[in-house]
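Engineer: Sequence:
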Amino acid sequence: MLTPILNQLLIPLALGLAPALIALRMARPGVAAGLLALGIIAGFLGSYGAEVGAPPFPPVSSVQKLFYAPLIGGALLVGAVLVGALLAKALSGRATLLLGLCIAIGQIVWVLSNEFSRLDSEAVLNLALVLAALGLMAFATLSASGSSVAIRAGHGAFALGLAVVMILGATATTGLYLIALAVALGSSAALEPRLSAHNLGPALSAAAMICVAPIFAQAVFYTDVDAAALAVAPLAFLGVAAARRLGFPEGRTLLGSIGAGALTALLCLIPIAVSVFLVLQAGGDEYGY
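Read in our numbering, the sequence shown has 154 at position 154, and its numbers run on one by one without any break.
Worth flagging that the hints you see were computed from the coordinates, not collected in a lab. C-beta atoms are modelled at their ideal positions from N, C-alpha and C, and glycine is treated no differently. A portion of the hints provided could be inaccurate.
Simulated DEER-style distance windows between Cβ atoms [as the list claims (entries may be wrong)]:
1. Arg28 / Asp224: 44 to 52 Å
2. Ile105 / Arg245: 22 to 30 Å
3. Phe277 / Thr173: 30 to 38 Å
4. Leu24 / Ser92: 37 to 45 Å
5. Leu10 / Leu119: 25 to 33 Å
6. Glu122 / Met26: 46 to 54 Å
7. Ala262 / Val60: 41 to 49 Å
8. Val83 / Ile105: 31 to 39 Å
9. Leu125 / Ala75: 27 to 35 Å
10. Arg25 / Val124: 44 to 52 Å
11. Leu6 / Arg245: 38 to 46 Å
12. Leu10 / Val124: 17 to 25 Å
13. Ala75 / Met26: 17 to 25 Å
The whole structure should be built from the sequences, with the hints applied where relevant.
Structural biologist: As structure tokens, then:
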């Protein structure tokens, strides 16, 4: 009973929160952005390592790459953001998001490296789905105008919803990693709205993207999770854009930020509910737990 609490809750919470607390004291937004991204990625990797340990390197399977892809990608992202900030040439929010997107695409190519020698029509459709999911993540970030509250809610809802879909789809271990990612994303929510002053939303999105993109690609290509359920799940990010269109308040207090984030998350969870329904319909009574 204590092991899941430690691995999926306490470890990602602690590793995600500690750098965010330091980020609050940083005068340079670029350094704060790098620390926030570091916390999210460290929370995810810490949970993974505590759950099953670090896989052998170099990894020989797509599952083993789910640890090293965020590790290498996260080092590139955090290193670039921190070096840029320390050289007084801090990356803009759009540049940070673009860097995260490029790293995520590179991760997908690596995780799916065995597929490119035999691309057929089904594989092309699967690849289009994975890239479309990345596009929706980027769209949600841009539509939120850098709001860390809205972006955290969108990515957190997607990670948690995809975790449920994966667990019900008979890939429970991967689902546990996604729960840890959702916790790491939410670990700094109590520091809002002070974090919002640094415009850290794009860094938060880039870090989440680097963690979730390899998992989503691996799920689409190599698991038996219902394809329709996986196709619907990324539509959760449209909830971020919808929240902004509906004029949800950003929240200038902690309670206001929590309320705005909760309302945004509810919109994001509508497609997730459909995705869960689809995987239940496909699985009948044989759930993945």
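Engineer: Please test the hint of 46 to 54 Å on the beta carbon pair from Glu122 and Met26.
Structural biologist: holds (47 Å)
Engineer: Indicate whether the distance between the beta carbons of Ile105 and Arg245 respects the range 22 to 30 Å.
Structural biologist: holds (28 Å)
Engineer: Kindly confirm whether 44 to 52 Å is satisfied by the beta carbon distance between Arg25 and Val124.
Structural biologist: holds (48 Å)
Engineer: Does the Cβ distance between Leu24 and Ser92 fall inside 37 to 45 Å?
Structural biologist: violated (21 Å)
Engineer: Has the hinted range 30 to 38 Å been met by the Cβ atoms of Phe277 and Thr173?
Structural biologist: With Cβ atoms ~23 Å apart, the hint is violated.
Engineer: Could you tell me whether the CB distance from Leu10 to Leu119 stays inside 25 to 33 Å?
Structural biologist: Given range 25 to 33 Å: violated, Cβ gap about 42 Å.
Engineer: Given a hint of 31 to 39 Å, does the C-beta separation of Val83 and Ile105 actually sit inside it?
Structural biologist: This hint is violated: roughly 21 Å between Cβ atoms.
Engineer: Does the Cβ-Cβ separation between Leu125 and Ala75 fall within 27 to 35 Å?
Structural biologist: holds (32 Å)
Engineer: Could you say whether the range 17 to 25 Å given as a hint is met by the Cβ separation of Ala75 and Met26?
Structural biologist: For Ala75 and Met26 the Cβ distance comes to about 20 Å; the hint holds.
Engineer: Is 17 to 25 Å a correct range for the gap between the Cβ atoms of Leu10 and Val124?
Structural biologist: violated (42 Å)
Engineer: Look at the Cβ atoms of Arg28 and Asp224 and judge whether their distance stays inside 44 to 52 Å.
Structural biologist: holds (47 Å)
Engineer: The hint says 38 to 46 Å between Leu6 and Arg245; measuring C-beta to C-beta, is that right?
Structural biologist: holds (40 Å)
When each numbered hint is compared with the structure, violations occur for hints 3, 4, 5, 8, 12.
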